[in-house]
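Participant: Read off the chains here:
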Amino acid sequence: MGVLALQGDFAAHAQSLQQAGAEAVEVRTRESLASVDALVMPGGESTTMLKLMSYENLWEPLQEFGASKPIFGTCAGAILLAKHVTSPSQISLALMDLDVERNAYGRQLDSHIAQVDLEGAPLEAVFIRAPIIRRVGPAGKVWATHRGDPVLVTEGKHMVATFHPELTCDPRVHAIFLRQL
Amino acid sequence: MILTESFRLKSGLAEMLKGGVIMDVTNAQEALVAEKAGATAVMALIKVPSDIRKEGGVARMSPISKIREIMATVSIPVMAKCRIGHLAEARVLEALGVDYIDESEVLTPADDENHVDKRSFRVPFVCGARNLGEALRRIGEGAAMIRTKGEAGSGNIVEAVRHMRTIQREMKQLTVLSSDELMAEAKKHQAPFELIEYVAQHGKLPVPNFSAGGIATAADAALAMMLGAEAVFVGSGIFKSSDPERFAKAVVKATTYWKDPVKVLEASEELPDGMPGLDIRQLEESQLMATRGW
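These protein sequences, in sequence, are chains A and B.
Mapping the first sequence onto my numbering, position 40 (from 1) lands on 40, and the numbers just tick up by one.
Mapping the second sequence onto my numbering, position 160 (from 1) lands on 160, and the numbers just tick up by one.
I should point out that these hints are in silico values taken from the structure, not numbers from a laboratory.
All of these numbers come straight from a predicted model, not from anything done at the bench.
All residues carry an ideal CB built from backbone N, CA and C; glycine is no exception.
A few of these clues could be false.
The calculated label-pair distances, taken between Cβ atoms and stated as ranges, are [claimed, not checked]:
1) B/P261 / A/E64: 21 to 31 Å
2) B/K187 / A/K141: 33 to 43 Å
3) B/S242 / A/T145: 50 to 60 Å
4) A/S54 / B/A72: 19 to 29 Å
5) A/Q115 / B/D180: 33 to 43 Å
6) B/K188 / A/E64: 51 to 61 Å
7) B/E284 / A/V25: 27 to 37 Å
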């Protein structure tokens, strides 16, 4: 399992993956990307990650990776995986048929922790300057919602969460991703 | 105290900023340059530290119109500085809706004994520290992020190195002590006992620890990361260099790829002339910013 470590809370993801029983490797280059079977794109600033991807020519390798291997994006990672991004609009890998609005709950003062339902059991979801998924394509499966909006979605091999499962001790979300491998 | 919901949200945003560069800006135009270069956040302040140093006088919170302009221009988090102990500036910044407040020694202190009680705010705070005791006192007051102080506006990394090394060393020392020895350590560091206990158990602060004050090249940023910083703040270094855009980009690259000397070399090759630097030993005590706050 790789964790994209350009910027953000990649260390927290690596820890969550280890708790869920996987081995985690930090990915910063094309070479390290080629050595992993699946990738987590962490929370952080999507604009910063986009810059670093262009500085390091990671854009095409990531698109090729996503065409055949699974990617799980949280928050900023979800923004990077979506087809359309608004507020403001920016480019993305477009690996999932989703429309995502950035910072859609507002600023940091609107960050919050909520209980959502995952497979019939409560799950603590940490939303930090989080995006909202405004549209899910026909092939998408919604696993959890919050205030009526989808917050955990899979489509094919890929998964996105608009919250941060890596900031809680609950390994269930990472386990769902690992199950799909 | 540490694991309250509010505190987790506050330090959660700091988690998202890890591995990145937070850049000092004084207006919307500079904020845009910072965002385009890949800054994870911008810090609004009235003047960059080297100008505060040069021009003297009282340095206060940035004009509200400037902060609003910056907030309206960039999509990344916007932080703003308030004076140490200035409860009202802090409340104003919270009401304005900034994403983080830096209760900062770079501005002229409003209270030379007390810092703001940051626990009663919904907005998160970052504070400077020179050693473990100072860091834990600030966390005790509710700071959700620590940055080592360094010496802002000096273009000289020596103080940032000293402060980061001091904190790392003091944390390591706690981890080898028995629990009987920790109260004496709390007394020595003048820090809350339960936070001393936390550091002894985990070997790290309960909040992210970033580096600031004197970073003036890509290699300086890489050095801060090598010494254990989880992200860096760059102040005067960027907008006092001869080419802020290229400089900002180089620092962003070096901060992500600090473990890879070839990448830091690439980043350094793109670098224009850095800002002029100051020898800290030749500064008068009254000119030092790091000694403000306790």
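Participant: Could you run down the list of hints and mark each one as holding or not?
Facilitator: Right, here's what the structure says about each hint:
1. B/P261 / A/E64: 21 to 31 Å: Once the Cβ atoms are compared, 28 Å apart, the range 21 to 31 Å for A/E64 and B/P261 holds.
2. B/K187 / A/K141: 33 to 43 Å: Roughly 57 Å apart at Cβ, these two residues miss the hinted range, so it is violated.
3. B/S242 / A/T145: 50 to 60 Å: holds (52 Å)
4. A/S54 / B/A72: 19 to 29 Å: holds (25 Å)
5. A/Q115 / B/D180: 33 to 43 Å: holds (41 Å)
6. B/K188 / A/E64: 51 to 61 Å: holds (56 Å)
7. B/E284 / A/V25: 27 to 37 Å: Violated - the Cβ-Cβ distance for B/E284 and A/V25, about 50 Å, lies outside 27 to 37 Å.
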